[in-house]
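Enquirer: This is what each chain is made of:
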Amino acid sequence: MADTGKPNKLNGIIDCDVHPIPRSLEELHAYLPSRWHKHYFSFSRPFYNHPHHVLRLDALPEKGGAPGSDPDFLREQLLHQFGIDYAILLPIPNITMWPNPTMAADLARAYNQWLADKWLDNNNSDGRFKGSITVAPQDPQAAVREIEHWANHPHMVQVLTDSGSGMNYGHKQFHPIYETCEHYGLPFAIHPTSEGLGINSPASPGYPTTYFEWSASLTFSIQAHLVSFISEGVFERFPGLKVALVEGGSSWLAPLLWRLDEGWRGLRNEVPWVKKLPSEYVRENVRVTSQPLHSPENKEHLLQIFEMMNAREVMMYASDYPHWDFDSPIRTFPKMDGDLKNRIFYENAKDFYQKLP
Amino acid sequence: MAEHVVATVGEIREGKRKIVKIGNISIGVFNIKGEFFAIKNICPHKGAPLCKGSVQGMYVCGDDLDDVRLINEGEILRCPWHGWEFNIKSGKSIVDPNRYYVKNYEVTVDREQPVDAQVETFPTSVRDKNVIVHV
Chain L
1 MADTGKPNKL NGIIDCDVHP IPRSLEELHA YLPSRWHKHY FSFSRPFYNH PHHVLRLDAL
61 PEKGGAPGSD PDFLREQLLH QFGIDYAILL PIPNITMWPN PTMAADLARA YNQWLADKWL
121 DNNNSDGRFK GSITVAPQDP QAAVREIEHW ANHPHMVQVL TDSGSGMNYG HKQFHPIYET
181 CEHYGLPFAI HPTSEGLGIN SPASPGYPTT YFEWSASLTF SIQAHLVSFI SEGVFERFPG
241 LKVALVEGGS SWLAPLLWRL DEGWRGLRNE VPWVKKLPSE YVRENVRVTS QPLHSPENKE
301 HLLQIFEMMN AREVMMYASD YPHWDFDSPI RTFPKMDGDL KNRIFYENAK DFYQKLP
Chain S
1 MAEHVVATVG EIREGKRKIV KIGNISIGVF NIKGEFFAIK NICPHKGAPL CKGSVQGMYV
61 CGDDLDDVRL INEGEILRCP WHGWEFNIKS GKSIVDPNRY YVKNYEVTVD REQPVDAQVE
121 TFPTSVRDKN VIVHV
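Protein chains in written order, with full-length UniProt numbering: chain L, 1 to 357; chain S, 1 to 135.
In short, the hints are calculated from the structure, not lab data. A couple of the hints might just be wrong.
Stated by the list, open to error - Across the chosen pairs, the derived CB separations fall in these ranges:
1. L/ARG268 <-> S/GLY62: 53 to 59 Å
2. S/GLY15 <-> L/LYS299: 34 to 40 Å
3. S/GLY15 <-> L/ARG23: 25 to 31 Å
4. L/ARG265 <-> S/PRO97: 46 to 52 Å
5. L/PRO255 <-> S/GLY47: 29 to 35 Å
6. L/PRO51 <-> S/ASP63: 34 to 40 Å
7. S/ARG13 <-> L/GLN173: 45 to 51 Å
8. L/SER24 <-> S/GLU106: 29 to 35 Å
9. L/ARG35 <-> S/ASN98: 55 to 61 Å
10. S/ASP64 <-> L/ASP339: 53 to 59 Å
Unchecked claim - Straight-line alpha carbon distances no greater than 25 Å define the calculated DSS-like cross-link-like pairs of lysine-lysine that follow:
11. S/LYS40 <-> S/LYS18
12. S/LYS40 <-> S/LYS103
13. S/LYS89 <-> S/LYS18
14. L/LYS341 <-> L/LYS355
15. S/LYS46 <-> L/LYS299
16. S/LYS46 <-> L/LYS335
17. S/LYS40 <-> L/LYS9
18. S/LYS92 <-> S/LYS21
19. S/LYS46 <-> S/LYS92
20. S/LYS33 <-> S/LYS18
21. L/LYS341 <-> S/LYS46
22. S/LYS89 <-> S/LYS16
23. S/LYS46 <-> S/LYS89
24. S/LYS21 <-> L/LYS63
25. S/LYS103 <-> S/LYS89
26. S/LYS18 <-> L/LYS63
27. S/LYS92 <-> L/LYS299
28. L/LYS63 <-> S/LYS129
29. L/LYS9 <-> L/LYS299
30. L/LYS350 <-> L/LYS335
31. L/LYS275 <-> L/LYS172
32. S/LYS103 <-> S/LYS33
33. S/LYS21 <-> S/LYS129
34. L/LYS299 <-> L/LYS341
By construction, the Cβ of each residue, glycine as well, lies at the ideal position given by its N, Cα and C atoms.
Chain S with its partners taken away, still in its complex shape (with noise of 0.2 Å):
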């Protein structure tokens, strides 16, 4: 498994997103309350750019069917053809998690002072630490 620096932590603002290219696969870096999670770019469903869903929450209701609640804001990704869900932490599918799911990469902040070079041609910050994928 080989790491890769595909942006730095300011880069990536709460609740943004970055899509990069880590060889031939597109993955969609997210940053959801200050964490970073990386998933493919393809939904499993019919191909479509996964992560150019927009990023929400999800209705769900409770043992009353009329108490419809908005759960999980900021991390769920909704597919930008068909609209199906998917946490963004874990790519799950909502609808049918075990059947649908997206790769997910494990991601990680470098701790120390960034590289200067970055890897294809993302902008760099010297201020700033190193968002990881590690693919």
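Isolated chain L, as found in the complex (with noise of 0.2 Å):
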């Protein structure tokens, strides 16, 4: 890749998990039908909740408000200060949580158009900050009425639910979206938050105890989600469906693919409608984020994680602002060579997300 003389001797950089949040309830509530305004009572969720600061002490804006609320705070912080040309903006309503099939829609309705006003529309004249349409998994009706309201929003680049879920996301009953997002060519990510809580099934066999022992059990739930979209045949039935594993490491992926290869070649009659290696629907449909980015005593085994899981195809680097554990684009990733740091840092998302200029 040529330099292109930018000071970080990129050709760009894409951050795929930004995450902007409501200045206050009252400023969603604005978005959400006066039914529901005493039913969701915080952002928080009723319990894991982190022990000390979630949200990056050092990103409070000036002018006031929670880190991720202010649109010209978030563009200085990170976009100007890291050089990042798009961030990908995924809103963490926990909108899986829900048992009221209707109030999840409506409340993901809500941070759509929250986030087109917010975000999208205004406070973005150079058009950096690219949204994800947030859906509720619990009615698939709805959303994909809702995908179809905003597909053809100039910045709206992917769909987007949380990783926790009563029911891996493979199944038939959650195929209309994925028919709807191919259609549009707009990937599906899906993002941690809402394991174990509410109407939730947890990663791990029972309920964690603490934030630190729930947060490193995100990955499981990832990983069952993926053996579910490949076992169910859903890259098959939606060959150009495009899913992005965002926050739920990566490291785990090759082992995984691994032993899918290995089980699928005695397993393959009994999902006949799985056609080829596991392995090759990653290369083709799967996208996983960076963060959080292991940092083994040794950089070297993790380059060597890298080549077995073809980070170079596969990896998209994401920094998860303003979060605590934010993987800042200068001290996370080991020495890398040229290609590989811009396949990384912009070239796989920019293949990934049509809709980036």
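These two chains come separately, so use the hints to put the complex back together.
Expert: Right, dumping it as structure tokens:
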């Protein structure tokens, strides 16, 4: 890749996991039917809350409000400071927690309208904020309508839901969502936060005790969803569907695919709709985001994992701003060859998000 | 090693801090129970502005693993990003003190009446003595 002369020596940076939040519950209520105002009490989860600070303490906007609530401050502290070209915005409404599918769908609609209003249509003159269409899988038909409503918005680049779920996402009940994503060329992203909360199964065999245990376990639910997508034949039924696995880690990918590929060779007859090696579906349809990137004692080990998991093709950079486990683009990765670096920081996401200019 | 007057004693109350710039170095000056300590404002882990973190104690347990106690209250700085804990007095991290530590600086309190002119634009008070960082 040619050096474009940018200070970071990359072709560019696309940050695939940035979290905007409403300034207040009232700001969100303006977009939510009043019948739910008393039901939806807070942004936070009922438990598994971070014991110290889930939001970076230095990310408090100068003009007030919580970290991630001020587009101007976020643009300055994240985009300008680190030379990031595009921030893919993923609100965290904990949408899958709620037992009432109508309420969940209305909450998704509220978040989408809020996101468009506060971050995409306004405060976005340079077009560097790109949004996610939040959907509530509790009501797949409403989710389809929501995608159809926003699909042609110039800055909505993907569909998003929580990886916390009562059901693995390969199941047929969710297929209308994937059909719609495929139709509009919108990737489907899953992101942790509501595992084991509300109506959701925990990612572990039982309920974790602490935030430490809960957050370490999130990677399990992402893996379970990936196995489900593949084994239910989602990528055969919707070959154009792209799936982003966000914030679920990635170093598990290689051994999981070895296991799946090996299992498929003997069990293919049970899943005849799985027509290729599972690893081939991942290469063609699935991308994982980098954060939280591991920090092994020996940096070489990380590069070996990148090689084994085919990071050159499947990994996309993410910072998780403004969360506590923020991965700065400067001091997080080991030294890599220029092509690998550009693929992870820019090219893979540029190819994945069709609506990026 | 040069002396830099960075504040007056009364300016940094107990439990509070002031982040100052000496040359190109950002430094946090902390008042722990009347004693002053200064450490560099960069986390050795991932480069966060360390001194913007929260000042707390730390939980430990004794021989009985369920006997959890809070110790060193007011002496532990928690990084504003990844939450690593550092002992403000030594600059050493709690998780791996010999590998992850932040540079700390000698701090003295001027026993004389304060000078009129302070470095940069810090406010002065003629009644308080000066906090001096040695860099």
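Enquirer: If you test the structure against every hint from before, which numbers come out violated?
Expert: 6, 7, 8, 17 and 28
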